[in-house]
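The chain contents come next:
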Amino acid sequence: MPPDCGYREIPHTADLGLEVRGASQVEFLTFAAAGLSHLLCCEPAADAMLCEHAIHLQSPDLETLLVAWLNELIYLCEEHHVCPERFDIHAASDTELRAVVHGICPWRTHRVIKAATFHNLVVSRGVKGYQAQITLDV
Amino acid sequence: MAIQGFTKIAPFLYEAPRSLRSDMRVPARLYADDEIIQQAASDHSLIQLINTTTLPGIVGYALAMPDIHEGYGFPIGGVVATSWEDGVISPGGVGYDINCGVRLLTSHISTSELRPHLDALLRLMYQAIPSGVGEKGSLHLKATELKVVLEKGAEWALNLGYASSDDLAHTEDSGRLAGADMSALSPRALERGREQVGTLGSGNHFLEIDEVTEIYDTAAARALDLVVGNICVWVHSGSRGLGHQVCTDAVNGMQQYIASKGIKLPDRELAYAPCTSAEGRQYLAAMNCAANYAWANRQMMTHLVRQCFTQALAGKISNHSLKVLYDVCHNIAKVEKHIVNGKLMKLCVHRKGATRAFGPGQPQLPEDYRPLGQPVLIPGSMGTESYVLLGTQLAMEQTFGSACHGAGRLLSRTEARRTVRGEQLRSQLEQADINVLTGSLSGLAEEAPQAYKDVNRVVDVVHQAGLARRVARTRPLAVIKG
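As you go down the protein sequences, you meet chains Y and A in turn. For the first sequence, this note's numbering assigns the number 1 to the initial residue and increments by one for each residue that follows. For the second sequence, this note's numbering assigns the number 1001 to the initial residue and increments by one for each residue that follows.
Be careful, since some hints might not be right.
A short list of chain Y residues far from chain A (calculated; beta carbon distances all over 10 Å) [unchecked claim]:
#	residue
1	Gly22
2	Ala34
3	Ala91
4	Val100
5	Lys128
6	Gln131
Computed from the model, here is a short list of chain A residues facing chain Y with C-beta under 7 Å [unchecked claim]:
#	residue
7	Ile1076
8	Ser1202
9	Thr1213
10	Asp1267
11	Arg1268
12	Glu1269
13	Gly1443
Label-pair ranges, simulated between beta-carbon atoms [claimed, not checked]:
#	chain 1	residue 1	chain 2	residue 2	range
14	A	Pro1017	Y	Leu50	58 to 66 Å
15	Y	Ala45	A	Arg1018	54 to 62 Å
16	A	Pro1360	Y	Glu52	53 to 61 Å
Calculated from the structure, these hints are not laboratory results. Every residue, glycine too, gets a C-beta built ideally from N, C-alpha and C.
Build the full structure now, drawing on both the sequences and the hints.
Here's what the structure looks like:
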């Protein structure tokens, strides 16, 4: 995991924990996606090609938006074999996200992540921006 | 001395009183020995157990089994029963892998007979049963076929010749929960279910060829067809992407219910809705579909394993048939009737990493097992023993007929990866005469035996507490890890 990349893996007995921070909602959600991508451990297949997917999400609060965003990426990864690599977030607020996910397809991965959960999830906001710890079910 | 508010009230039972926290509706109980409760106190397991006591309509106690470890919302190893009439159902009390479960197949093949063919058999099984993330199976179900899978479960396999009626008779709920309604599923859940019947998945899922090594109850073992020296096959899998999506959809839906009622939860993953509400009923209809999907999946894998046995052993071993001993689910919410405070009550029993362990005489058991009690299948970690037990009357009285589901994790995945190297682990297992096939060595490391509690100790607690009694032990010869 690169230093100061905006995310770090934190221990969890059964599942995976990810701590994310970002100066803005855009940065926070970008780092969360990058952290998930890191944990997915994707490896491009020999015939892998570039691909992109547009995503638009609306949620009642930032915690729900974060969970929905990560679950969208997990879905793309498992069902469409997209390994998400780069995230262009065009608009982000507490309740809405518009993004284009760039990745490679197909890939093989060493790890299943079933879902992002709401377990003890609180996005804290301070002078340095946004921070949260999220549990991923594996 | 109390440990996070829990004190010992019986040799293998700890209790936290209702007075421990103002929002508790019932006391919490953990079946454990002194070492296991200390392990549970080292992460958030006990706090998670206390949190489940706050669910509306909970009856008796919030319970946890000795394989307890930290989950999300509920602890793994948790059992919570709520009143059907005025209680709630929580998708977090079931988990994302709905009806993740275990099936055990027995044989009359001795280990010495199988040994010369074991490598070839394992490779055939590895090729026939796709494992890994998002892997698709050979079946591509049309919407009409998927509807049958979702609403009829293992019966779908019976109708297509992938199962026998004896298989279904020895599957919990005969491999089909009533009240499954495909219209309760999102299009995305249906999309994720089309091509994964007959696939193992990844994470802690596995296929294992074992040898029966010890019998504790001769009469029961004879009735279950378990003979020392004979081989058996363990299958551990669930409802795959479809189940994950059903839970994701339901947790989201119930967040909205909680917000609309202004309810404050100790953990948002405990989101719930009343069992009898539209939200509750919709989740139950969808969860039942996912449960049925998982049974169809394990049945299809059984069919594929049998085909591999035939391909590898026909003409070499005369009787290479495999019989389903039993199939249990350990992530589920079931509508069941139990006696609570002397009164028969209709309940919603959540088992999150816990196995139903009904005692003798229960009408839900297959006729041949009714005098014995329900088989409780407890796989150990890869490289260690697994157990077959039988449910007891005491479990009916104390735990809504429930017992543990496995060894339970001890180390985080981060710690397991830090301390175990996949390649080295595979060599160690091979030195112990255990063949391993896996697509991921780092995944293998995360599932290393040292990442889990001692299954012998966990089973000993369940046995000594009287929740299930030991019948037999098996040890692995070959493992396929998802």
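Cross-check of the supplied hints:
1. Gly22: About 21 Å separates Y:Gly22 from the closest Cβ of chain A, which puts it past 10 Å; holds.
2. Ala34: holds (18 Å)
3. Ala91: holds (21 Å)
4. Val100: Non-interface label stands for Y:Val100: nearest chain A Cβ at 20 Å, farther than 10 Å.
5. Lys128: At roughly 24 Å from the nearest Cβ of chain A, Y:Lys128 sits farther out than 10 Å, so the non-interface label holds.
6. Gln131: holds (17 Å)
7. Ile1076: Hint holds; A:Ile1076 Cβ to chain Y Cβ min 6 Å, cut 7 Å.
8. Ser1202: Given a least distance of 4 Å, the restraint on A:Ser1202 holds.
9. Thr1213: Given a least distance of 28 Å, the restraint on A:Thr1213 is violated.
10. Asp1267: holds (6 Å)
11. Arg1268: Nearest chain Y Cβ about 4 Å off; hint holds.
12. Glu1269: holds (4 Å)
13. Gly1443: holds (5 Å)
14. A:Pro1017 - Y:Leu50: 58 to 66 Å: Holds, at about 60 Å.
15. Y:Ala45 - A:Arg1018: 54 to 62 Å: holds (55 Å)
16. A:Pro1360 - Y:Glu52: 53 to 61 Å: Roughly 60 Å apart at Cβ, these two residues keep to the hinted range, so it holds.
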